[in-house]
Amino acid sequence: MAMLKTVLANLLQPSRTRAPADMPPVPQTYRGALVHDAGRCTACGTCAFVCAPKAISFTQVPGISVSWHFFIGQCSFCGLCEQNCPTHAISLETAVPGVMNNAAGDGLRLESIIALKPCTRCGAAHVPLPESAMGSQWSEEEKGYCPECRRWAASAKLRSAFIPAETATPAASPALEGAGHD
Amino acid sequence: MPYTFPLGPYHPALEEPFKVKVQCQGEVIDSAVVEVGFSFRGIELVAQKRNWVEVITLIERVCGICSNTHAMTFCMAAETIAGIELPRRAAYIRTIIAELERLHSHLLWAGIGAEDIGFHSLFMEVFTLREKVMDTLEAISGNRVNYGMNCIGGVHRDIPDPTVYLPVLDELTRVLNEVVIPTFTQNPTAIARTRGVGPLTREQALEWAVVGPVARASGLDIDVRKDQPYLAYGELGFKSFVQEEGDVFARVVVRALEMLESVRLIREALLSLPAGPLKAVSGLPTIPVGEATIRTEAPRGEAFYYVASEGGNTPARVKIRTPSFVNIPAIEPMVIGQPLADLSIIQASVDPCISCTDR
Ligand code: SF4
Ligand code: SF4
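Taken in sequence, the protein lines are chains A and B. Reading the first sequence from the start, the letters are residues 1 to 182 in UniProt numbering. Reading the second sequence from the start, the letters are residues 1 to 359 in UniProt numbering.
Only chain A is shown next, with the shape it has when bound in the complex:
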């Protein structure tokens, strides 16, 4: 009898299973498809350092390029690479991640090639820093420097701030110094 009552009461009720249109919204914090922006990446390796399942790796062609690799079969979607990337080159979108068939073989792989550029001062091939990471303290010319030359230019600036220009010997002026790093 009780069962009959339940059946009758439920007869005119809508379905309690959610319809496709009635799905909860995808939260903004959802960690889905991983996107990497080669233009912002400095190949610093932080993302590989924090990635527990080692989904991120690097290869290089010496003097030409550094490649950033991602294999979705190993990714656990923890989001730590996104959170720790200093230049915000990685983001986990709200889109559904691509296929990840198994941990060993097929499945989505991403590769970003970061071309090395010759230093505008010494010519050494290096990973260019993204514009956003440069800040305003570097001149147009200095933006093309390799890390060693930037370090040299920074210390030269510091030196010239302490030693007044009149007393400085010509050799201490950055423009006249040789192309060496030290």
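Heads up, simulated BS3-like pairs for lysine-lysine below, C-alpha to C-alpha not over 25 Å straight-line:
(1) 54/A <-> 49/B
(2) 143/A <-> 117/A
(3) 49/B <-> 319/B
(4) 54/A <-> 319/B
(5) 239/B <-> 226/B
(6) 143/A <-> 157/A
Think of the hints as simulated: they come from the structure by calculation, not from any bench.
Assemble chain B with the ligands onto chain A, guided by the hints.
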């Protein structure tokens, strides 16, 4: 004639491998031997090879249900070694996630329990309710399991608008009070399959050192949230529920009342969420030489972590004792003298989690 009956390791009641080998006289169980270790993963060893950031991702996978508890307890241990004080907002957010996780774990258990006694409509009701908790967890953390909320020194994600989750809590209270609890405690089918089944006396509970809801259903008033308050539990106040009977029915009642208490804790934590930063440290953490032991109350009982650091990139030792690890052996005294048909609900009543037992 006595015979031996193996239940598992490919388990009819659970998705995880563990084995209960019972000796029966006709329908009645004489003795039982529990075997675990079919899916050992060696997480404690791997943890020594992962740096302090990676290891949280790893530790979170100790358990598939109470993943947050493990990551949180590990982070608390690392914070203790490094002397980092957790910001209050982070403590409240951790409390909210921990209690939501307890709700979803207990609801999962209630659903599986209902299924084990052949009560499918109750299983459906409970899982519909659990889905609401999962949606809330997803809305806050971005994922349904493995929330990735914890980092050493705080939490990764904020709860920007706490009040939007209050209607879900009202709904949870309503369905728990009107459907789930009355069905489990008043429905003749549910009572017949649970009352007096799988008893564990207070003395046996002490002897087998059970923890969590299993201990509280046998009259032992132990709960880390009350005995040694951590996170926001001291400020929110906490009430533990104890039953004296020690049967499956008592375990149902304890978990049901705990769910209502969890809803209350979440509501109060959401309403009194203090302002402030989410993390005490920025950048990658450095953990000095030291060691720490931390206890927290996971959904299944006390989780214990011992973490040692030698000041390097990786922990020197991570020792994990999970609640199921001590609760599962207690199935042996519970099933003696019980009918074979009740074996399934008795072992389900301790809420065995093989994932964390075989960590
Ligand atoms: S993606 Fe970010 S963290 Fe990874 S190497 Fe590039 S800049 Fe560094
Ligand atoms: S989301 Fe986590 S697992 Fe995936 S690549 Fe990033 S750090 Fe590695």
